[in-house]
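Fit chain to chain and form the complex, with the hints in mind.
Protein sequence lines correspond, in order, to chains S and A.
Once you know that position 241 of the first sequence is 477 in the working numbering, the rest is easy, because the numbers rise by one and skip nothing.
Once you know that position 68 of the second sequence is 161 in the working numbering, the rest is easy, because the numbers rise by one and skip nothing.
Keep in mind that the hints were calculated from the coordinates and are not lab data.
Given the structure is predicted, the values throughout are model-derived calculations rather than measurements.
Accuracy of the hints is not assured; some may be wrong.
Chain A regions said to be covered by chain S (calculated; three or more residues, Cβ under 8 Å) [stated by the list, open to error]:
hint	segment
1	130-140
2	173-185
Reference listing, derived: stretches of chain S covered by chain A, where coverage requires no fewer than 3 residues with Cβ under 8 Å from a Cβ of chain A [unchecked claim]:
hint	segment
3	387-396
4	792-804
Each computed BS3-like pair below joins lysine-lysine, with the alpha-carbon atoms no more than 27 Å apart [unchecked claim]:
hint	chain 1	residue 1	chain 2	residue 2
5	A	115	S	814
6	S	591	S	484
7	S	804	A	143
8	S	499	S	348
9	S	804	A	104
10	S	385	S	413
11	S	712	S	571
12	S	818	A	168
We treat Cβ as the ideally placed atom computed from N, Cα and C, and that holds for glycine.
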Amino acid sequence: MIKASDKLKSANEPVLQFTGNWLIDLGILGFVNLLEEIYNWNLQETQKRIKENEKVVYYGLFPFAYICSEIKRKNSKIPKGLIDDFANEIYKKEFKSEKEIFDFTWENYITKAATELWKKKIIERAINKRKNEKFVKGTPKILKKKIEKVEILGKKIIKENKEEIKKLLEKSGRFQKLEYEDIKSIQSHSKKEFKKYGERFLENAVKLKEIMDDVDEYLSNLWAREVVGNNNILEERLKFYRIPIDNKYYKNFLFFNYSVNHKGQKEKFYYTIASEINREEILINLDKTINKFLESYDKASNIYYTPLKTEYLIDIVPYLFVYLLCFDRAFEDYKNIGHIVFYSNDVFITYEINKRLKLRKSKSEEDLNSIFRDTWQTVIDTIIEMESWWVLENLYLIKYTDLKSDAQRFINVEYMGISRLQATILLDDDIRRNLNQRVQVDKNEYRWLFEEFIKNRPLTSIILDHLILRLNQRTKQRKVQPLLYALALEAELSSEHDFIHLFEDPMSLKLKLDDLVPRIKKSRERMDMARKNIRRLLSEDIRENKVPHLFSIIRRQNKYSFVNSILKLIIANPEKDKKLIKHLNDYIFHQIVQNDKAWIHYALGLFTGFIGG
Amino acid sequence: MEYVKKPILMKDYDEIKIYTKKAFENIGSESYRQRLVYRLLNTATVNNQKDFFSSLLRALNSRKDDENVKRLSRKLEWLFPLSPANFEKVAYSIIMGIMAVRGE
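For reference, chain A alone in the conformation it holds in the complex (with noise of 0.2 Å):
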């Protein structure tokens, strides 16, 4: 796969952050999160993208409609593809979003 070489800032990976918690708000339980989160985590230690993100999208699938879940669905159309270096960061920025919606 070819990666775009695209300038990733902090503030990019602080919306992500951001945007993936306010989805994960409306979206399962708080086991249902922490199961996905163990999963996100394991497959984030591999550098498995693919994996990765089909695991985060099924579960974005169930609220396509929401505001918050599209703002963060344009964010990663936007980053993807990533080199594995950059997804690293990408993947962790995630798995907080996710965490941080239990720590409210």
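Bound conformation, chain S alone (with noise of 0.2 Å):
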């Protein structure tokens, strides 16, 4: 069962290593967050603590931080200090087999965990479902008893104090019952609160309060008694005592499922550690089930032909399925951009870059701006820092939009790989700065260029569309620089040192990459330079007069008039600067009349100098 990673055991490596499938890769990745998240471990601990002792791991430690972390995710509570006491209990207790060490876990630890939410999912659903649905099988008398008088009881409140709780719950319009959230809402109020509202208010408000307390007291008294330390609950009960706990990726994968009741909730987490697929069906194969980049069965009718089996991966990785649990966790979700995974092959790289990312995505949480700056820098930052450029070249960007909750899939999944050419260029500081930049290309739209760049698509275009904001003044954005980088690399990269072929000898590539950032430098500088002297030598009122003509010449991709018309605002001004008048006269002979390849970006470069910025 723990074939691997004895294996690497003895060889003094760590436990934790990527397969090379980044859907399992990003799961250990996931599964590292999920232990980090719970019990504040970084990647080194997680790894000391398999090394010690594996099946404490895996089979205690885990399924209570996936059970506490899915609590969190529904707004509920973990009872204080008691992540804290399961860390140190179980290290105490000694176990004969991997089955009591979940047991343990489950019935001890995982079922104290879920007391709030069991209890808030039970009063929610009913208060707020309809007759026939508000108790699942095995409800206890008691508390339909109960429910029942909570629910006069707000009647009564709704009939005799309608405008006093409309004031205390700040509602307006019509209110015909009592819901669940404002009952809590009561709940949470004082006496002294309710006293305000005058004295029949609060009698009525007093005694709900008093009945809710008292569910929740039965409630939690029914639990602790029946369900935590018990693996013996009655058998008409189980299904009363589900854990409510579901997930958007996994909606009804084994203990997710709402069918199953809480035995059955307990037995297939278990199986799922242990990938018994014996057991269970649905772990035979890698379907859409848990991959949900697959197709289902009825869209891709060959993968009846060769079904993605995963008895021969879990004999190559050791507790597949608690890594694939866990995928969702790699990710972290970026305002405006979507879910975003920085992947490599190693794990150690792949876990910093992400956490660091992390927390700046906590101090710059509201600007987006800031967001894009920070991620590349920090990425690059990182692979420096650990002295891994080779990193760069190797490593994925993987974004999603989201899951469509009905058919569990995913909504745009794009991977982007970073070629050596992209990775040597973005290494550059300055580079790579002027690319991390949004670009605005229409009325709500922005492009990110770094993006654009890794993804292989004109900037000129971008650029062009930016310009006719900037132009119409529908924009904000004043920088220029940003744009003057993107031009000069698309034209150092469209000029006659060609990029595209696929065998090129290595070390002559290697000269020609090593060559071509400083080009690029040189490239932004010279057009710089042209625009500044531009600037300098026409007038505001003719530059902004000539801005619509000359504009319109370059998208028509008309060089000689476009020359021409600059020629002629040359001209007109002879008795200015001689030397900028030579370094312009330089700047459109050799880099647009003589540049048949990429004369519009360097046309683009001088006109930047007539727009504002």
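So this is what it looks like as structure tokens:
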């Protein structure tokens, strides 16, 4: 069962290593993130703990952390100190088998952690649902009676104290029934506050509060008595005691399935960790239930001929399903960008990069631009610090927008690999900083230059769209340097030094690449100089007048028309600084007239001198 | 007119510009050259080779014994006749050569 990691142990290697399959690897990352979220362990600590006692981690600490994390996702609280207690306690015990570790964890700690969430869901359902859906099978009669009391009193309050209750709950409009949230809100207010609304309201509200406290206490006691520490829950209560967790990714997967009772949840969770594919059919194939990137059998019928069997995988990757369950925890959600993870083939670097990004994100939550700036800054800084610049060439940015809740499919997943050429360019601070910008291209549309570059999309068309907005004064963006860097980059890549040969001699490619960054910078400098000189040469009025004409010539890609118009403007200003005119003359002659491939980039570079910024 | 396809290199355009600049250093005043550049720019826009060269050669004719003028004339003679695409590049090399005179 623990073959692979046993082998590694003897070689004194880290126990958690990436496999090369990004789905599994991100699962491993998610697993590490999960343990960090709950126990505050970093990757090194997790590695150490697994080495010391693998079974305790996977059969005890993991399931507890997983359920706690799901409970937290539902905005419910874990009793204070429970996590620390558990993490201490489990190491004191001695276990004979994995099953014993799991049972101990489930019965004594997972159940304790789930108390509040379970209570909340039971009461919420009883109050909010319609008559025949209020109670699941096995609900104690006492509870039904207590809920009935709550409802009667709720109706009475609505009848007698409608206005007062509306004020207390800050509600307006029609108000006919107290919902669960309303009752919880009343329960959280003090008697003093009730008094403000008169004696009659006070009496009713206090009564409601008392009954609710009573329901709470009753359920807490019931759960503590019949579920916590009990491995033999009454058969008829099993459905009633189902732990109310579900997961967007694994909506109907084993223990998340709504039809599965408490005992079933416990069993199925254990089988998942232990990869017992003979017990649970769902674990046999790595199909769409587990891997959301796969099609369903209906849509891709050839899967029937080549089902992706997990039996081979679990020999290579022990605890495969533990990692797959944690897949979604590898991603970090960025507002307006989506869920992102940076993936490289090294667990340490991937962990480090994503961790730092998370820290940055929490600091710059509100400012979208700074997230953009920081993202790649962090990635590159980490890579340089860890002296692993080679990783950049093996780095993938994986991004998805969301998961359709009905079909459980990803919406818009993108993988961005970075080529050696791109990596070389991005390692330069100036170029990276300037490309790491969002450029507005339409009313509510922005393009991230960096992303477009990595995706091998043309940047010039983005700059043209952006310039249209600027000319029409429909954007507040004023920066010019990112535009010049993008133009210089494309000019150099499209000029005679081509990088399109796939099988080029590595040595000659290296020479070319070494030369590339200085050349891009030189081009950018030239453009900037031309931009500044044309601004110095021509008055603001002339520049403003000429802007539409020049821009339309560039868009029509009419090189000589552009040159002609610019030369006429220059010749009309003979009394200006001669050095400046000489520079412009050289720029236009060498970069535009003589440059058939990339003249438009240089023309646009010069054109930026005509616009504000 | 039939064009003989000549391989015109970057070097050739550079030479045309340099020879033009040197030739025009001794031709006319600054305002004369300015007027000439305007005229040449206007003929270049409409791709009018005949008018372009007639204006240019008239200007060069005033110093036909100048060594630089001779070099430019020989270069143009070698290039002529030009295809419309080549003409534009040659024309702007000449114009920018004239403009470079006052840029010194």
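Each hint, compared with the structure:
1. With a threshold of 8 Å between beta carbons, the proposed coverage of the segment 130-140 of chain A by chain S holds, since 5 of its residues qualify and at least three are required.
2. Under the rule that three or more residues need a Cβ within less than 8 Å of chain S, the assignment of the segment 173-185 of chain A holds, with 3 such residues.
3. Three residues within the 8 Å Cβ limit are the bar, and the segment 387-396 of chain S against chain A gives 0, so the coverage statement is violated.
4. Only residues whose beta carbon comes within less than 8 Å of a beta carbon in chain A count, and the segment 792-804 of chain S has 6; three or more means the coverage holds.
5. Our distance criterion of 27 Å between C-alpha atoms is met by residue 115 of chain A and residue 814 of chain S, whose separation comes to about 17 Å.
6. The hinted pair formed by residue 591 of chain S and residue 484 of chain S meets the criterion: a straight-line CA distance of about 23 Å does not exceed 27 Å.
7. Distance check on the hinted pair: residue 804 of chain S and residue 143 of chain A sit about 21 Å apart at the alpha-carbon level, within 27 Å; holds.
8. For a cut-off of 27 Å, the pair hint linking residue 499 of chain S to residue 348 of chain S stands: about 16 Å separates their Cα positions.
9. At most 27 Å may separate the alpha-carbon atoms for a hinted pair to count; residue 804 of chain S and residue 104 of chain A meet this at roughly 25 Å.
10. Between residue 385 of chain S and residue 413 of chain S the alpha-carbon distance is near 14 Å, which keeps this suggested pair within the 27 Å criterion.
11. Annotation: proposed proximity of residue 712 of chain S to residue 571 of chain S holds, straight-line Cα distance about 21 Å (limit 27 Å).
12. Between residue 818 of chain S and residue 168 of chain A the CA atoms are separated by roughly 24 Å; this keeps the pair inside 27 Å, and the hint holds.
When each numbered hint is compared with the structure, a violation occurs for hint 3 only.
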